[in-house]
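A.B. asks: The lines below spell out each chain.
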Amino acid sequence: GENVEQHPSTLSVQEGDSAVIKCTYSDSASNYFPWYKQELGKGPQLIIDIRSNVGEKKDQRIAVTLNKTAKHFSLHITETQPEDSAVYFCAAAYSGGGADGLTFGKGTHLIIQP
Amino acid sequence: DAGITQSPRHKVTETGTPVTLRCHQTENHRYMYWYRQDPGHGLRLIHYSYGVKDTDKGEVSDGYSVSRSKTEDFLLTLESATSSQTSVYFCAIRDPQFRNTQYFGPGTRLTVL
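Chains A and B, in that order, give the protein sequences.
Residues in the first sequence are numbered consecutively from 1, following our numbering.
Residues in the second sequence are numbered consecutively from 1001, following our numbering.
Don't read these hints as lab results, they were simulated from the structure.
The C-beta atom is built at its ideal place from N, Cα and C for all residues, glycine as well.
Be careful, since some hints might not be right.
What the hints assert, rightly or not - Cross-link-like lysine-lysine pairs, in silico, BS3-like; alpha carbons within 30 Å at most:
{"#": "1", "chain 1": "B", "residue 1": "1011", "chain 2": "A", "residue 2": "57"}
{"#": "2", "chain 1": "B", "residue 1": "1057", "chain 2": "A", "residue 2": "106"}
{"#": "3", "chain 1": "B", "residue 1": "1053", "chain 2": "A", "residue 2": "71"}
{"#": "4", "chain 1": "A", "residue 1": "42", "chain 2": "B", "residue 2": "1011"}
{"#": "5", "chain 1": "B", "residue 1": "1053", "chain 2": "A", "residue 2": "58"}
{"#": "6", "chain 1": "A", "residue 1": "57", "chain 2": "A", "residue 2": "106"}
{"#": "7", "chain 1": "A", "residue 1": "42", "chain 2": "B", "residue 2": "1070"}
Said to hold, decoys possible - Okay, the calculated bits of chain A under chain B, using three or more residues with CB under 8 Å as the criterion:
{"#": "8", "segment": "60-74"}
{"#": "9", "segment": "100-112"}
Stated by the list, open to error - Ranges of calculated distance between the beta carbons of each label pair, as one might list FRET restraints:
{"#": "10", "chain 1": "B", "residue 1": "1095", "chain 2": "A", "residue 2": "62", "range": "15 to 23 Å"}
{"#": "11", "chain 1": "B", "residue 1": "1022", "chain 2": "A", "residue 2": "41", "range": "13 to 21 Å"}
{"#": "12", "chain 1": "A", "residue 1": "71", "chain 2": "B", "residue 2": "1101", "range": "19 to 27 Å"}
{"#": "13", "chain 1": "A", "residue 1": "79", "chain 2": "B", "residue 2": "1077", "range": "45 to 53 Å"}
{"#": "14", "chain 1": "B", "residue 1": "1052", "chain 2": "A", "residue 2": "113", "range": "43 to 51 Å"}
Bound-form chain B, shown alone:
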């Protein structure tokens, strides 16, 4: 599992509420990523980080924000959750030994009612 944990693993929330998902890594990797997975769409990049306080947008960043105040933690926040954000969210890290080799966490299943 490349030393990646995600919390919570499952969450049900209501439309309009804020939600924060956490990704924690134990290997001190510089690069971290958030993807969402939906049926028929594969995995799509939401945001990524290339260091503490250094983040950038991915393909589907609207409605999401991220923060990285420590190397080991990368937080994904839905400021006001919508039903279209019901998805499985995966965090990934990139192995510095092999450029682009990404390893994924176990995922968080989020349901927005």
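Only chain A is shown next, with the shape it has when bound in the complex:
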């Protein structure tokens, strides 16, 4: 089955700096890669996703890049703000028309220092 590795487990950055979280996956058949943000006591919230026919996707201060050859994808947050502090999860799945459950990384605790 799929295995997703996520690094780092904790990331502390100064407010206004950029943050990068990296994930690798093992199954070359995976073609869908979402990122979730989870605040304390809440469910994961989808913030951005990318499919394997695209190399990069941006949404305001957030971007995701995908390298299919190396089987890794990354989340980039620019101009970080205090409200970006949360736990971020990457995930991977094969979108083949079936139920397609997600395989998650173990999460990155992002801390924005004032």
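Please build the complex by placing chain B on the supplied structure of chain A, with the hints as guidance.
C.D. replies: Quick look at chain B alone, frame taken from chain A:
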């Protein structure tokens, strides 16, 4: 919150007792999922459903059963709860407009003493 509610939101129970968690959706989505979240493990898939009475096992299904008698409700049952099932349980639905896009409910924190 994608129209997903989970009940109860918190539960404390004792080892050996049966427990049922409920996930309710208002959007008539076909696919529903149960995940558990534990420190150091991220979220792991327990069971999923692809329609009424159609369910299948995920990565960590041992000790759990599910049922789906109506489109809007997906139940997760621990037949005889164990301390290793202490966790936060999340239900998710899949958006039919965008394959694989899953939206999560608020979670149920279960403690088994």
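A.B. asks: Determine whether the Cβ-Cβ distance between residue 79 of chain A and residue 1077 of chain B falls within the hinted range of 45 to 53 Å.
C.D. replies: holds, 46 Å
A.B. asks: Please work out if residue 1011 of chain B and residue 57 of chain A have their alpha carbons no farther apart than 30 Å.
C.D. replies: violated, 40 Å
A.B. asks: Can you confirm whether the C-alpha distance between residue 42 of chain A and residue 1011 of chain B stays at or below 30 Å?
C.D. replies: holds, 16 Å
A.B. asks: Could one say that the CB atoms of residue 1052 of chain B and residue 113 of chain A fall in the range 43 to 51 Å?
C.D. replies: Cβ of residue 1052 of chain B to Cβ of residue 113 of chain A: about 50 Å, so the range 43 to 51 Å holds.
A.B. asks: Just to be careful, I want the Cα atoms of residue 42 of chain A and residue 1070 of chain B compared with a cutoff of 30 Å; is the pair within it?
C.D. replies: holds, 26 Å
A.B. asks: Note whether the CB distance of residue 1022 of chain B and residue 41 of chain A lies within 13 to 21 Å or breaks it.
C.D. replies: The hinted range 13 to 21 Å holds for residue 1022 of chain B and residue 41 of chain A, with Cβ atoms some 19 Å apart.
A.B. asks: Looking only at beta-carbon atoms, does the pair residue 1095 of chain B, residue 62 of chain A fall within the given range of 15 to 23 Å?
C.D. replies: Holds, at about 19 Å.
A.B. asks: Tell me if chain B covers the segment 100-112 of chain A under the three-residue, 8 Å CB rule, please?
C.D. replies: holds (count 8)
A.B. asks: Hint check: residue 57 of chain A vs residue 106 of chain A, CA-CA at most 30 Å. Holds or violated?
C.D. replies: Between residue 57 of chain A and residue 106 of chain A the Cα gap is close to 23 Å, so the pair holds against 30 Å.
A.B. asks: Given the hinted pair residue 1053 of chain B and residue 71 of chain A, is their alpha-carbon gap at most 30 Å?
C.D. replies: violated, 36 Å
A.B. asks: Evaluate the given range 19 to 27 Å for the C-beta pair formed by residue 71 of chain A and residue 1101 of chain B.
C.D. replies: Between residue 71 of chain A and residue 1101 of chain B, where Cβ atoms are some 21 Å apart, the hint holds.
A.B. asks: Against the 30 Å threshold, does the CA-CA distance of residue 1057 of chain B and residue 106 of chain A hold or violate the hint?
C.D. replies: Roughly 21 Å between the alpha carbons, so the hint for residue 1057 of chain B and residue 106 of chain A holds.
Going down the numbered hints, you'll see the structure goes against 1, 3, 5 and 8, while the others check out.
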